[in-house]
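Chains B and C: place on chain A using the hints.
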Amino acid sequence: MTFDNNAFLIILTGALIAISCGFLGVFLLLRKMSMTGDAISHAVLPGIVIGFFVSGSQRSLEVIIGAGLLGILSTLMIDALRKRAKVQLDASIGITFTLLFAIGIILINLFAYKVDLDQECVLYGEIAYLPIDLWITPSGINLGPRVTWLAGLNFFLVTGFIYLLFKELSLTSFDEHFSSAIGIPAKGVNLALMSMVSYTTVSSFESVGAILVVALLVVPPATGYLWTKSLIPLLRLTSALGILIAILGYYLAYWIDSSIAGMMVAVAGALFFGSALVKGKWTMGIRGTSKSSPAFDS
Amino acid sequence: MEDFLYFFTFQDPSITWVVLGITLLGIGSAYVGTFSFLDKKALLGDAISHAVLPGICVGFVLAGEKDPRYIVTGAFLSGALATFLSSWLKQHTKLSEDSIIASILSIFFGIGIVALTALQKSGNPEIAGLNSFIFGNAIGIAEADLFLYGGLSLAILIVLTLFLKEFRLMVFDPGFGNAIGFPMKGIRFIFNVLLILAVVIGIQAIGVVLMAALLITPGAAARFWTDRLQPLLLLAAFFSILSGILGTYVSFVVPQMPTGPWVVVFLSLIALISFIFSPKSGIIKRFIARRSYLNKTHRDHLMKALFKAKEVNKGRMTLKEIYGLYPFHKKEIAHSLQLLTKQGLVIQDSQGVQLSSQGTSDAMRIVRLHRLWEVYLNEFMNIAPDHVHESAEQMEHLLTPELEALLEQRLNYPTLDPHQETIPRESHDI
Amino acid sequence: MITQVSQPVLEVHDLTVSYDQHPVLWNVDLSLPAGQLIGILGPNGAGKSTLIKSIMGLIQPTSGYIKIFDKPLAEVRSRISYVPQRESVDWNFPASVLDVVVMGTYGKLGLFRRPGKKEVQIAQDALDQVGMMAFSKRQISELSGGQQQRVFIARALAQQADLYLMDEPFAGVDMATETAIFQLLQDMARAGKTVLVVHHDIHSAMNFFEWCIMLNLHLVASGPKDQVMTEELLRKTYGGKLNLLTQVTDLIRKQDFNPLKS
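Protein chains in written order, with our numbering: chain A, 1 to 298; chain B, 1001 to 1430; chain C, 2001 to 2262.
Looking at chain A on its own, in the form it has when it is part of the complex (with noise of 0.2 angstroms):
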């Protein structure tokens, strides 16, 4: 088992994505979205598609595009499957994702002469050929891996994101009415959410796939939560965890020979599992008949 270069860009890669998705996936756990993240991960392949075929190219900024208003369709198909035809959230989220991953495998169906995206490609990527695939400017300087800049890219704008809207954020995943009544428009803010969590999974899906992105929205989040009550913390523990996962996937994978992205998802798991089993109450029914459990009087 070396460390070589390649390693590390692997590994750095893999990290930046999987920090990215953690934060992202905090809000989404704070605000009960987890599923909503996951249906938005598979929502946006029909954008996929038609970015690809209108550009030529898997790799372009149409796609990214596609994948963004794709993103924002599918909330905004929940919602109004909630609103409008009064249909209850769980299964709201479950026909809207359905219907656009569907239209997006006969997209790809459709498209198959000039769109050459493989279906499994977009499910669990391939993280170990990065190294291959360099950025070489028209100078010929080798940059390193073209999708280690794409997931630095992604890291570094979901950082901002979260940095910048921070008070919004966890304002309107704590208490939404107050928010609209001082004037933080929750509605946006959550669409805005929504946005960067479509494009994290298609600026992701090429080197790790779908799988292992919304694995990284939900996991990691899940596990801090077991551990930690404060929000900066949580954070920082996602963070630390996902970098962890990187490594040991990496590792892991390279001795069992197996898929690196698929392997980081089994060592989520196996943190995740290892945590609920030390934090769990070993006593039924923690949660009681009241909605909060005072653990004072006053």
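The set of hints was computed from the structure by calculation and includes no laboratory data.
A hint or two may mislead.
What the hints assert, rightly or not - PhoX-like cross-link-like pairs, simulated, lysine-lysine; straight-line CA separation at most 20 angstroms: (1) B:1041 / A:32; (2) B:1094 / A:279; (3) B:1304 / B:1314; (4) B:1280 / A:83.
All figures in this text were calculated on a predicted structure; none of them were measured in a lab.
Same frame as chain A, now just chains B and C:
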């Protein structure tokens, strides 16, 4: 056209088998899924369908080939484990339900992918078939397998039908069920078993990701049409079968198209149509009702205007005067006048428009309702006289004769409204 | 018995609010004076919460309008503070008491800016006023009902507004906390703030409020406490729903749409 006939007359036995397969799979999923949907646990099915993948791989490894018995068992155990873990996490940690389901879903599925890619590397040619579990391949279902899956589907249907009232209790009021001595925990367990089975057989046709649609969308669509459980289930099953057949047809006509996504598209289309056209959700109904209500109010306003003209002894109004009351609405006015004439409420002649005797009576009623409501708002709800008009403008079209009688009684047959205008009654009414 | 005020701090004009296709508040017309502690009273389902939410712009009225400081809501948001019902929030959220109170300063901060020393100071002063300084680092999931309520009020104080709207701030709160909070609200009113409180208990209402609004699907009364808390008006408010109005509401509910919506 020939394709259509060829398909739907089932001359080709392979088509028949596929359609039969899809039908059986679809009914089972629709039934179980509808219960999940009513239970507000629709996405649990989605999680289970992702979670069976590791089990499928293990089953394959143990069997050495794509033996459905091993695969179904493996998938089942995997799904059962996922379900168990979900409940455990719900009870023993403070994680919210959506977070638990999403985590289980992605972890199990990820592990499944690890197993799958490892198997692919092993070079076993049978592997190719495994991929169909992720994306579904209705056409690829072998005839032999069909008996197994069909049998399981039938079993699901039978159990659900036999224990309909128990499952209904489970969804709507488990507390009550416990209170009257039903073993609700056992019932929940059986239901989970059925759900996992339905998922395991369903993903053959439609694949892991889209399985949720087969579970949720038929029930959601059927819900727009009825509130009652049995019709709901039957309708959901029907939608599922219909979409299955249509999807298979598309796949047949355009060979490179996979079946699963088209089934989902048709299901969603049916859901959309149900939403728009069903009388219960009433989009169309609401639209029509609102339109006819607005037309009625327009006619009422015309009659009121004519009545008021009569009150100041004008007798009739010219068309020009009427158009002047509602500028830019000539077409609507003409239409309303036409209908009023037909109903015998107004009489139109060369000199203008006037109310017939029936029309006078009706118009009087509207004006009376308006002024009575104004009195009510003013006296019973303490609303100032200058704020009662708008509300009365709307209520005058709505109040029924019973409410009118109640109003009269409550207000003690007042003679004047808050604006000192007379409340008109026919002489025989008092 | 509806007393109108010239130069009101809050003016509600002919407000009808619908929920789920039928009206729940009919033609409410009132105006309120500044610098008073005002109670909104009425039985369950009378529309008290609906009124507050409409004032805060969380619900769109079917007809009528509301003016605050003689302007529409959008222009004066920074001068109004809102305390929602306690159960509208998940108290398991990972935040400390201080975190929540600092949220009160977000409105004035605007987009993108981060709360700094000044905002934290405002929050701490607010916590001091409600007697929760000692708890500022405590996680909100560990608080009792009364403490949670005090945190919500501290957050409202941190908004440094002129008009305060509170939705059932005393629900599920112990006597000691209730008295303490009422004391605080009275101090605020004396300092010139206007405080509007949805309340459920007539007896404490009689002791604490200066002005009362009585609702029962419509406005029964609005005016100084002594003039409004009469036996007759109390009976009108709490003595059951107006039969006729209920029947009319049912009639509207049976329609496929809301005819009162233009």
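Against the structure, the hints come out as follows:
Of the supplied pair hints, the one linking residue 1041 (chain B) and residue 32 (chain A) holds, its CA atoms being roughly 15 angstroms apart against a limit of 20 angstroms. Under the criterion of a C-alpha separation no larger than 20 angstroms, the hint pairing residue 1094 (chain B) with residue 279 (chain A) is consistent with the structure, at around 10 angstroms. This hinted pair checks out: residue 1304 (chain B) and residue 1314 (chain B) have alpha carbons roughly 13 angstroms apart, not beyond 20 angstroms. Restraint check for residue 1280 (chain B) and residue 83 (chain A): satisfied, since their Cα atoms lie roughly 16 angstroms apart, inside the 20 angstroms limit.
Consistency with the previously given hints is maintained throughout, with no hint failing.
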